[in-house]
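Trainee: Read off the chains here:
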Amino acid sequence: MAEQAIWSGTISFSLVAIPVRLVKAVEPGRVSFRMLHSKDYSPLARRMFCPEEDIMVPPDEIIRGYEIAPDKYILVTDDELESLSPERSRTIEIVEFTDMKEVDPVYYDHPYYLVPSKGGEKAYRLLVEAMRRTNKVGLAKFVLGEREYLVAVKSSEGALALITLHYSKEILPDDDFSPKEGKVEAGDKSRMKRDIKKMMGDFNPEKYADSRRKKIMNLLKKKAKEKAPVQAPVAEEAEGEGPADLIAALQESMHKIKRNR
Amino acid sequence: MSRRAVEIAGRRLSLSNLEKDLYPSYGFTKAHVLDYYRRISKFILPHLKNRALTLKRYPDGVEKDFFFEKRCPSHHPSWVKTEEILRDDEERMTVCLVNDLGTLMWVENLASLELHVPPARAGSPETPDSMVFDLDPGDQANILNCARVALILRDLLAELRLASYVKTSGKKGLHVYIPLNLKETTFEDTKKFSKAVAIIMQKNYPELVTAKMAKEYRKTKVFINWSQNDSSKTMICVYSLRAREKPVVSFPLEWKELENFAGRNDTENLQVLHSEAVSRAEKQGDLFRDVLTKKQKLPHL
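Chains as they are written, first to last, in my numbering: chain A, 1 to 261; chain B, 1001 to 1301.
Only chain B is shown next, with the shape it has when bound in the complex (with noise of 0.2 Å):
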């Protein structure tokens, strides 16, 4: 095993296999991995910033064998901040919160691909600070039923006055947010209202929405999974790479770019790579910064 022991802000790091291939069929080593996170770590690190990470590891590469790690690998550097979570046997569990360049880029090194985060901060984990939509596609329906979904979607929560923000899954759907960020709000409160625009959805376009979990009733549609609000639940952070064979990025978009996509009615590939994405994200800011800070309440609830 080859090892290279690097400073990085300050932090001294021992990076390891830096060679291996990791997206074999597209030619994506771990120094691109790293590198890419190095890259767009001013824009995903506000977002995973405080929030318990749940690594996704690859340590043979995306063809192979995966592993989820909720648990902060207990060998983490001193420097790694961590936060204590109660688990329901009784036991603490250490979960680490990627604030820090350093950190993103240990993360790395164990071969994370993918970064997931809950809707919440660590600090107070039963407190949503955002209401998240997970658009899946049945098998027989694709990108585009997606992106028609997200945009009647879009309208109907700016009927009742909450913006919405959206960015590509990285595989085949859509993640539609709605910042909260009151302290007061549940994930009782998101459940409940998530609920029932997903019902609502699926009433007025019976032949383009499910609300319903089992896959017979997916097939041609695209599945509205509001179940993602929920403390145990976690989801791709946005700018996260996706273990797919190319290195795709949960990457959000203008509502505007949505719309046209939809309009030229092809089923164009929607996905952001690795250096379109940094290239992107440099020229247009972070799309998903009002994510983290606009503060807007459920009504009627």
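Isolated chain A (complex conformation) (with noise of 0.2 Å):
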């Protein structure tokens, strides 16, 4: 199935301006539950609590803090982070190429894909094969939802990925990891790179399948075949009638439109 545009507008540089829309190029795989009462297989509510009161909180009562000492927090309201939120992009304008083995893999964040739009095929066939011959990426700044990116555009087997990266601050440091003490010897590094060489194949992610999301997708065929589903409650028996106030009430007034009718 085609996917639907995540977001839709042109990628430009200089004097070139390509209509494109922006589709995913990954999605998880990620199983997920639901969480049920064990006695009546009820799906669970999940209810704000003050410890504090012992009591649910209603979510007109619920506002964000900042924590930035125990127990002390800068409130923050909805408007304000709004006020925050950047325009969104109309353009992703490439601000500078570079190499492509520059961009460190560290710094991909979250992949998608740019399909040209209508009348920007020819352009974009041009630019996705003067990258690919150049072997270099664009790099732009991107508002996609919230958040303003910095992004990576580059060819990919004839078209054009679109990577959004991490911002430097992000990047964890990571100059204490390669150990200075020891010596490395000749021969262990030659039999090593034997090793290695003996390992080398193309890369096949298909190889690689989530076998731990095929084994739970397999456990619930088997399940369903086997047994048919718990019944969450429809209903709650008519047990306790409720206020007696009401009950009062409600049974006056029937009394009342038994009469009328």
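A hint or two may mislead.
Here are the computed lysine-lysine pairs in the DSBU-like style, where the Cα-Cα straight-line distance is at most 30 Å [what the hints assert, rightly or not]:
(1) 221/A with 1056/B
(2) 1215/B with 1171/B
(3) 39/A with 1064/B
(4) 1064/B with 222/A
(5) 258/A with 1215/B
(6) 215/A with 1171/B
(7) 39/A with 1215/B
In case anyone wonders, no lab produced these hints; they're calculated from the structure.
Take the two lone chains, each set in its own frame, and fit them into one complex as the hints suggest.
Mentor: Written as structure tokens, this is what we have:
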């Protein structure tokens, strides 16, 4: 199925502007479950609880606080947060081209595809081809949802891929990870090189299916066949009539309307 | 697969398989479905606005498999309004809010023939803005029995100074709505109240009414399902199509109309088809308008 665009606009640099649509490149395959009450299979609800007052807190009494020290908060309203949201992008303006290998994969956040919209096909193909030949990626700022991202646009199998990148501030320092102590012997080095060579293959991600997801789905299929699903109670049985005052008022009204009928 | 790019209210949409017959025994294609929702949009949109939509999708038509979708499909266009809801398994769930024509058309392009919404807004999911009674006839009862129960229910509620509104379910039953629109109301209130009403009804009209879920009690009776008054439950939205043999609509009625129907004592069909729904709504306006605005307090709680 052709994916619906999650954004549409143009991609541009210098004097070129190509109409494009943004579509997702991945869909995480997580299997999610509902939490049920073991006694009657009722799906459970989430409520906010105030441990201080020992009560459930209604939504209109819930606000946001940023914790700056234990038990000290700065209050922030939804309006304040909204006012900080950047304006939606109409264009993906490439400001810089760089070598593909310059971008460390640790910066890669989320992949998308850009597909050409009507009238943009020719220029799109040209850009894909030029980027493939030069092995360059374009860098751009782009607002998606509530956030402004730094994105890399690259050619991928005849199409343009767009990858949102982490900001450098989000990347954790790694300078402590490479051990400085210990000498590397030449013999060890060449033996390891040989071992690596032996295990070389083309990158074939199909070989590595998400086996846990597959096992869960198979389990669910098997169980669905073996046994009917449990049923959440549709209505509480009518035990306990309700507040005496209400019952009395209802019964009295009932007498009245029966007389009038 | 055929696709067609259209622009609706400034939104670009790619519509697919418009010629697919979604009601094969009646002959009603996806293009017809989109056209119905476009023409009814000014009446249905206020009732969908800011509510967490549950999609009920029939990609291969009403005679084939359907599936419910509570999550907003992840490939939704960026302009579709959504709300994040925290679910009990620690996961955030994004739901669609059908707040404009573009979104309504997008949702119908997904063949969500039926639109189900909870009796609360997504921003305040624990505050019901109406109380509902789902009148569901047993397999040996009919919509005439339902109409009788609805009229008694209306009179009973009127005695307590509560105005109520009725619509067809588009299936066999009727839905009675009591607008509340007060932020202090809780689902505990609507549940307690509606349950007491159902029990009193059953007590006084044991031949006609049951307040019990179990099928064996229902048969010839009308089940007053009060348990829909829950934050996890949804009701078919007024003006939504139903996935039946014919494209019938869950349509609001005047009480007078229901009285006449019950008085005639026939089981003539009370169903409102798509085309009649549009012409009647155009003529009489939105009979369910007050459900969204009228403020009422449940007494004796």
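Trainee: Check the structure against each numbered hint from earlier and tell me which ones fail, lowest number first.
Mentor: 3, 6
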